[in-house]
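First to last, the sequence lines map onto chains A and B. Okay, so the first sequence: first residue is 1 according to our numbering, each after it adds one. Okay, so the second sequence: first residue is 1 according to our numbering, each after it adds one.
Hints in this document: simulated from the structure, not taken from any laboratory. Note that the coordinates shown come from a computational prediction; the quantities given were computed from them, not determined experimentally. Ideal Cβ placement from N, Cα and C applies to all residues, glycine included. Be aware that one or more of the hints could be misleading.
[To be verified] Below, a sample of chain B positions facing chain A; criterion: calculated Cβ distance under 8 Å:
| hint | residue |
| --- | --- |
| 1 | LYS226 |
| 2 | ALA227 |
| 3 | LEU235 |
| 4 | VAL249 |
| 5 | ALA251 |
| 6 | GLU252 |
| 7 | ASP257 |
| 8 | MET264 |
| 9 | SER266 |
| 10 | ALA267 |
| 11 | ARG344 |
| 12 | ARG386 |
| 13 | LYS388 |
[To be verified] Derived SDA-like pairs (lysine to any residue); straight-line CA-CA distance at most 20 Å:
| hint | chain 1 | residue 1 | chain 2 | residue 2 |
| --- | --- | --- | --- | --- |
| 14 | A | LYS108 | B | SER307 |
| 15 | A | LYS138 | B | GLY244 |
| 16 | A | LYS138 | B | LEU199 |
| 17 | A | LYS138 | B | LEU238 |
| 18 | B | LYS269 | A | ASN214 |
| 19 | B | LYS269 | A | LEU149 |
| 20 | A | LYS108 | B | ARG240 |
| 21 | B | LYS269 | A | ASN146 |
| 22 | A | LYS108 | B | ARG243 |
| 23 | A | LYS138 | B | ARG243 |
| 24 | A | LYS138 | B | ASP265 |
| 25 | A | LYS138 | B | PHE39 |
| 26 | A | LYS138 | B | ASP257 |
| 27 | A | LYS108 | B | LEU202 |
| 28 | A | LYS138 | B | LEU202 |
| 29 | A | LYS138 | B | ARG228 |
| 30 | A | LYS108 | B | SER271 |
| 31 | A | LYS108 | B | LEU199 |
| 32 | B | LYS269 | A | PRO148 |
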Amino acid sequence: MNRVLVAEDLYLLRDGLVHLLQAHGFEVVAAVESGPELLKGLLELRPDVSIVDVRLPPTFTDEGLQASLEARKKVPGLPILVLSQHVEQLYARELLADGSGGIGYLLKDRVFNAEQFIDAVRRVAAGGTAMDPEVISKLLASNAKNEPLAALTPREREVLEQMAEGRSNAAISQRLYLSESAVAKHTASIFGKLGLAPSDDDNRRVLAVLAYLNSR
Amino acid sequence: MVRQIGYILALLGLVIVELLTIVSSFASLVLAFGLGMVFLFPPQVRMIRRVTGLTRRLVNASAGVSIEPPYLPEPPPPQPQADGLYRSHRTLYKTPRVPAWNDRWRWMMTDPATWRDALWLTLDPFVKVLLLPLFVLLPGRGLRVYGLWCATLLGATASSRMAGQISSLNRARNLAVDTQAAEMRRIERDLHDGTQARLVALGMTIGAAEQLMESDPRAAKALMAKAREASAETLTELRRVIRGIHPPVLAERGLGDAVRALAMDSALKVSVQVDLPHRPEAPVEAAAYFAVSELLANAARHGGAESVEIDISSSRANLLITVTDDGWGGADPAKGSGLAGIERRLAAFDGVMAISSPPGGPTTVTMELPRVLPAHWAGDLPKLPRWKMITVVSLWATAWCPLFPQGIVAGVFKAIDFDEKAWFLALHLPEPWQWPCIVFMILLGTAMYLAAVVIPAQDRDNPSAVRPAARTVIRCT
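Whenever a hint applies, use it, and build me the whole structure from the sequences.
Rendered as structure tokens:
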């Protein structure tokens with residue numbers, strides 16, 4: 001359950017990621033540095049989770065993103081965590097478009113906080129999602145004039161943000177210093193206000209929220 | 001007819017003005033160059049130019065001969081140096097008056113059009129007198145001949161056109177360089193005040209933590225956490241600077257997706273239509289992107305708009321961008337610096353911007369960047385339909401047969417009464433049909449060659465033959 005592939009063209013960062021992952025008990029099956037190598041590795045090794053930089057050689061455009069989308073088209077739900085120096089709603093939508101979980105999209109800065117980063121890697125490996133807070137805040141900002149969203153209380157908004165980033169009820173309760181039952185109450189209220197069907201499954205719930213925000 | 005006579009009378013009446021101008025020109029030439037009263041020269045030149053300008057307008061209205069003014073563009077007002085003085089050659093002046101006068105003097109003296117005007121002015125009364133009979137007998141023809149005479153001396157020459165073009169290119173280049181320099185200064189300021197300062201603070205925090213490491217590990221740990229936060233902030237700052245230089249999505253995906261990303265980040269409802277089969281050059285993409293970005297920001301900030309439509313398309317090698325919003329309207333480039341900035345950015349590519357913004361809206365801004373796309377783009381190469389292609393090829397392949405052997409050679413054989421009939425169809429026919437058959441063959445061959453040339457040429461002029469590019473429409477509302 002812990003086989004990881006790392007795709008990053010800068011040696012220092014690649015090395016750092018490999019060390020970080022190994023220190024947390026992951027087995028790094030491959031560390032590649034270009035788009036074609038990445039696609040080959042994804043399809044042949046089928047790692048439990050892959051950590052992919054968006055910009056990779058040879059074109060230094062969005063090679064990593066394209067390889068990830070390509071691989072997930074062939075292997076639906078292949079867990080991939082995409083890292084980038086900048087986050088774009090456009091890319092987030094493309095990654096989420098297939099509606100299956102096991103996807104993450106984070107700023108490279110998030111690696112600074114090793115615990116949270118490893119938590120995100122685990123979540124993606126388990127078929128969940130990990131969206132960067134910046135993506136979520138941009139999503140919410142562009143939905144600012146949306147009626148049902150404006151009707152949320154500030155607390156519900158906070159919970160919604162945490163949920164959209166991909167956290168489970170338990171994780172949200174920890175982060176916001178709330179009891180788990182209070183979080184459950186908030187999420188039920190949010191789903192009611194947004195008109196979404198309630199679901200017990202954490203991952204499916206998160207995807208529903210993201211799909212809702214993206215549907216604008 | 002009545003109008004023509006009216007024009008002729010006006011032109012003849014102008015002779016009086018011309019004669020007065022000749023007298024005053026002669027006087028001021030003598031005074032300016034003989035007695036050194038040079039200040040008389042520029043007003044005199046302006047006076048002559050007014051007369052020639054009037055003549056150009058009259059000729060255009062009466063005979064339809066449009067005459068382009070050949071004058072070099074007026075020199076720009078002198079710019080002060082850093083110390084506030086104005087330089088003209090090797091002399092410095094406190095006020096711009098003398099340098100401006102020097103520039104004007106040089107501009108008028110060195111322009112060949114000034115002296116061609118003078119020549120025209122001296123000869124014109126004689127020409128009018130010579131043309132008088134024609135004016136009376138055939139007014140239309142007379143006006144036309146007079147128009148041609150004026151066009152030869154008052155029109156633009158190849159070199160004056162070139163000079164005009166060079167000076168407008170110069171202006172565009174200066175603008176581009178200035179814009180570039182201003183951008184560089186902005187980036188330098190951003191990096192200096194933001195990123196660099198933050199990195200200094202970061203280094204100091206880490207240094208302090210290093211010192212406390214042994215004496216007070218707990219405080220050192222707190223400082224390290226602070227340093228980590230500071231480095232994250234620095235990265236955010238740096239990301240903002242990079243976005244201002246060249247947005248990453250633009251580099252990664254090109255204009256279409258970059259504008260879509262922009263649309264998604266905007267709080268307005270933005271629909272984007274992009275119809276570009278390939279990516280333009282990077283500088284063009286950047287100019288177009290920043291123009292759209294500025295317009296979108298304007299619509300949100302000043303325009304009170306709720307929805308915006310962006311359309312990016314190509315017409316041959318021209319890039320066309322239209323941004324329409326449903327705001328209050330009343331946008332004016334003279335008021336805000338944003339629109340003027342876009343114009344400056346586009347000027348480097350000879351681009352133009354048209355704004356339609358009636359009070360009450362909607363505001364439509366259309367931008368066109370001419371000849372910035374590769375010329376071989378999408379349907380710019382005329383592609384013949386297959387059946388036309390086959391026809392043309394078979395025409396080229398077979399047209400020689402009726403024209404040469406069956407037509408010309410058979411004709412020669414017939415003319416010299418050669419005995420051999422060979423495979424020449426005409427010679428096997430009965431006597432009375434032989435010449436008509438030869439003539440028919442020559443005509444047929446010529447017609448086939450003509451058709452082979454005309455069919456592709458016609459297709460090129462026909463715009464419907466241009467292959468329509470696939471239109472990708474993405475709405476993000």
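Worksheet item: Of the hints given before, which are not true for this structure?
Response: 1, 2, 11, 12, 13, 14, 16, 25, 28, 29 and 30
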